[in-house]
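K.L.:
Chain by chain, the residues:
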Amino acid sequence: MPSCADLSEEVRRMLGEFGVEEIPGRLVFRHEAFWLTTAPEIPEKVRVHAVGVRLARVQPHGLKPTSFGLMVLGELVRKRRVEVSREELKELLLGRALRKPGLPEGYVALCLDGEVLGCGEVRGEFLRCQIPLGRRQELLVALAHENKLVL
Amino acid sequence: MERYREIIPEWEAFWEAILRPLPTVIRTNTLRIDPSDLRRRLERKGFDLRPLSWDETCFEIRGEIPAGNTLEHWLGYYYIQEATQLLPVKALGPKPGERVLDLCAAPGGKTTQIAQYMEDSGLLVANDYSAKRIQALLANVYRLGIKCVVVTECSGEKFPGEGEFDRVLVDAPCSGEGVARRFPHLRKGAPLGTVLRLSDLQKKLLVRALELVKPGGIVVYSTCTLAPEENEGVVKYVLDRGLAELLPWEPPVPHARGLVRFGEAEYGPEMQKTVRIYPHHFDSEGGFIAVLRRPL
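Chain order of the listed sequences is A and B.
Heads up, the final residue of the first sequence is numbered 151 in this note's numbering, and it's a clean run with no missing numbers.
Heads up, the final residue of the second sequence is numbered 296 in this note's numbering, and it's a clean run with no missing numbers.
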């Protein structure tokens, strides 16, 4: 297991791959994850559930960016952005893989109309959605309602 | 509710309001989007938005689909927050860089509003007593992308520390009579036993909040109930013990002043510094707000 300092450097490298030049806050390592926070300290003697927004989880094969983390970074994410159409997004949210040759291998930021929605993953020529299941359902419902609204 | 007939002005208007559907209000997450941009986006989708006259970041919204089912909501660009519920944080007046505690924070409407006032800088501790309630709090904190918040789990009356915060919000668990427009079963009023049990808890929470705030610091005590035992009665409890002084606060909306007496209980003229909101005042829910300062 790498040290916390090594992991912290790994997070910065990961963010660098996404084109994030300046991290808007500080990184805190807790609960097997890195959190992005502007809080100057963490209260003691009390159970802590979250410190700002979880940015990346430490997994056996390395770091995985979270969807909320990428969403918070938003416009700071300048690389590894993958723009999808509403139809493509619907497919991804339903758990289907999209064939998209030419994308960079690994984790990417899924975008709709230029806005970062969350994490995706490219393996080979296929793009998959890594947004948490509950959030996927909510987005599907929102998109379905919006389709009714489009004039 | 009949026991409030003597204290609620315009009793008929009050009941008419209770029986009307409640307008939906949204608060722009100004950390993520400008209110005018949000308005433009939602109007393009067919919603009708009218800014609140007293807070240009908030809109009354009407549309053919629920306001919670849009891409903008999913992206954390706004929070659906009833108009009266916007007031306690206005009274608290948090500022960037401060240390603020939201003692009873779930589901996070006021927490995320505080973070906006703090411009997402400083320390905002959002606490609640149960892991289940905290799940809703976390979902909202993450969705709105609040970075200055630390979410904690602790019984509010046992939250550790002493004199550590510039401001503390106690939006206390209450019998909820003020939200009877949304929850018809509350229209008959809360059982007195429930009111008194909650009043005991509320006193403990407010006492603890006054210990957690710095000397000279501000504590806002708010509820969404009409029961004087949970409102003026709780504030009087800490005033009688010299734990706080009551500050006057002028809300930007029509309101009534706190009760001087109710039944056999005497709360005193000082209690007129507190604020009561009734549903017919500005077509909202009901509530109570008191601004307190810990003595130096």
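To be clear, the hints were calculated from the coordinates, so they are not data collected in a lab.
It is possible that part of the hints are untrue.
Below 27 angstroms or equal to it, Euclidean Cα-Cα: the simulated DSSO-like pairs (lysine-lysine) are [unchecked claim]:
hint	chain 1	residue 1	chain 2	residue 2
1	A	K45	B	K203
2	B	K158	A	K45
3	B	K204	A	K45
K.L.:
B/K158 and A/K45: Cα distance at most 27 angstroms?
P.N.:
11 angstroms, holds
K.L.:
Would the pair B/K204 and A/K45 pass a check requiring their Cα atoms to be no farther apart than 27 angstroms?
P.N.:
This hinted pair holds, its Cα atoms lying about 20 angstroms apart.
K.L.:
Check whether the Cα positions of A/K45 and B/K203 lie no farther apart than 27 angstroms.
P.N.:
23 angstroms, holds
Of the numbered hints stated above, none is contradicted by the structure.
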